[in-house]
Amino acid sequence: GAGVSQSPRYKVAKRGQDVALRCDPISGHVSLFWYQQALGQGPEFLTYFQNEAQLDKSGLPSDRFFAERPEGSVSTLKIQRTQQEDSAVYLCASSLTGGLGNTIYFGEGSWLTVV
Amino acid sequence: AQSVTQLDSHVSVSEGTPVLLRCNYSSSYSPSLFWYVQHPNKGLQLLLKYTSAATLVKGINGFEAEFKKSETSFHLTKPSAHMSDAAEYFCVVSEDTGGFKTIFGAGTRLFVKA
Chain A
1 GAGVSQSPRY
11 KVAKRGQDVA
21 LRCDPISGHV
31 SLFWYQQALG
41 QGPEFLTYFQ
51 NEAQLDKSGL
61 PSDRFFAERP
71 EGSVSTLKIQ
81 RTQQEDSAVY
91 LCASSLTGGL
101 GNTIYFGEGS
111 WLTVV
Chain B
1 AQSVTQLDSH
11 VSVSEGTPVL
21 LRCNYSSSYS
31 PSLFWYVQHP
41 NKGLQLLLKY
51 TSAATLVKGI
61 NGFEAEFKKS
71 ETSFHLTKPS
81 AHMSDAAEYF
91 CVVSEDTGGF
101 KTIFGAGTRL
111 FVKA
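Residue numbers (this note's numbering), protein chains in the order written: chain A, 1 to 115; chain B, 1 to 114.
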């Protein structure tokens, strides 16, 4: 596609509910990133894939957060038993290769509100 | 370990006057540095990047930044602000340590007065 596409754009979840956020990276992009952006703050790194391999998941805040990219293209970020502190914008990004300095292209984000 | 400090949370300028958004970084390796802009309810857009080539980097919309290793700084400038420049700006450092972590600063909100 022309850009990084994320769905849903907006999600309201009840506390304790599971949610799944989808990311379609730019076609052919090897690297895929997930970030969490709380209101008024900068994005914080969650995890990074190169093709289907999850090379870095050190930013995932708890074991309730899980990300996958089984075929090296579309990725899903899953949050189990959501809590109010999970409310944030979840940004997906991709880059052509894993090389340092490659431009990272961002989607518009999935806005999650936990009530 | 890498980190990014944006020295001002808010900057206010008048239209037509220069813009300076300050960024300091720390990195154990030779980093790549970026500036991104985020308009309300929009995705992050790359303004410019430094990847160990020329230390003065020109970006889109008249912005530029200078990498100063001795000062560990990567400040963003523009000679003349436009109303459409009002947005949130993020300084970003990225280094390849076997993994590929990208760290954002906390952001600087730029206000442009008519």
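None of these hints come from the bench; they were simulated from the model. Just so you know, even glycine gets a beta-carbon here, dropped at the ideal spot from N, CA and C. Heads up, some of the hints might be wrong.
To be verified - Rough simulated footprint, nothing fancy, chain B against chain A, three-plus residues with beta-carbon under 8 Å:
#1 21 to 29
#2 42 to 54
Stated by the list, open to error - Computed far set for chain B versus chain A, every beta-carbon distance over 12 Å:
#3 Leu44
#4 Gln45
#5 Leu56
#6 Phe63
#7 Ser70
#8 Ser94
#9 Arg109
Quick rundown of the hints versus the structure:
no.: 1; hint: 21 to 29; verdict: violated (count 0)
no.: 2; hint: 42 to 54; verdict: holds (count 6)
no.: 3; hint: Leu44; verdict: violated (4 Å)
no.: 4; hint: Gln45; verdict: violated (8 Å)
no.: 5; hint: Leu56; verdict: holds (16 Å)
no.: 6; hint: Phe63; verdict: holds (15 Å)
no.: 7; hint: Ser70; verdict: holds (21 Å)
no.: 8; hint: Ser94; verdict: violated (6 Å)
no.: 9; hint: Arg109; verdict: violated (9 Å)
Of the numbered hints stated above, those contradicted by the structure are hints 1, 3, 4, 8 and 9, listed in ascending order.
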